[in-house]
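Enquirer: Sequence:
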Amino acid sequence: MTKIALFGATGTVGSRVLREALRRGHEVTAVVRDPASLPDPVSGAGAGAGAGSGAITVVRGDVLDPASVAAAVAGHDVVVSAFGPGRGDPTALVTAAKSLIGGVRSLRTDVSPPRVVIVGGAGSLRTPGGPPVLDGAGVPAAVLAVMHAHGEALDFLRTVPVEQVRWTCLSPPAHITPGERTGTYRLGLDGLVVDEEGRSRISTEDFAVALVDEIERDAHAGRRFTVAH
1 MTKIALFGAT GTVGSRVLRE ALRRGHEVTA VVRDPASLPD PVSGAGAGAG AGSGAITVVR
61 GDVLDPASVA AAVAGHDVVV SAFGPGRGDP TALVTAAKSL IGGVRSLRTD VSPPRVVIVG
121 GAGSLRTPGG PPVLDGAGVP AAVLAVMHAH GEALDFLRTV PVEQVRWTCL SPPAHITPGE
181 RTGTYRLGLD GLVVDEEGRS RISTEDFAVA LVDEIERDAH AGRRFTVAH
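Under the working numbering, think of the first position of the sequence shown as 1, with each following residue one higher.
No wet-lab data here; the hints were simulated from the structure.
Restraint ranges, calculated between C-beta atoms of paired labels, are given here: (1) G183 / V162: 27 to 33 Å; (2) R186 / T159: 24 to 30 Å; (3) A55 / E196: 40 to 46 Å; (4) V143 / T182: 24 to 30 Å; (5) A67 / T184: 37 to 43 Å; (6) D135 / S112: 36 to 42 Å; (7) V162 / A67: 20 to 26 Å; (8) T182 / T159: 32 to 38 Å; (9) L64 / P140: 22 to 28 Å.
If you're wondering where the values come from, they're calculated on a predicted model, not measured in any experiment.
Backbone N, C-alpha and C define an ideal beta-carbon position, used for all residues, glycine too.
Given only the sequences and the hints, what does the whole structure look like? Please build it.
Expert: What follows is the structure, given as structure tokens:
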């Protein structure tokens, strides 16, 4: 059993990560601004994939405040952020990345560096034989602003030595929507993963599978990777 501190547990991705971790028997601390906003992870939509024997604790915390991060994640094995700015300022994504790293870095010991897994960075994935996704035609301005903020957050992560923080960034494919949990996916690194018809997509449930697999395997420390069906 792994002790996981999870930011963004009320969101579309974070709620699936929470359920996936619980079904595998992990111990999850959901760090939220308002504990009342967290739906029941067992009875919530999509929990039919199987609720396991994991344990959940809900604590109040702010991903944008390094001191709050440090207080909330002390004693955990892995810190996960599925934080999104919603309709707010996209640059909060950069603030969140720096706050997370600053918070966990303050807890670093000589035994082993803390681990952080952050969701984001899809816009900088390169299309097959082409430019990054964010340079493609027809991307709405609001979406483009979020992509650029995710890219800036990833650029910051790449400056963090893994000897200090074992960070990983998991980028979603071009299309990610709630759907079926198949437990299967294909891996990529800095390039968009596409199928034979050129589509790049995954269900939110299988994206959560990939993220919890990374928690368990620690296969991409100091790297960004991506997944798709």
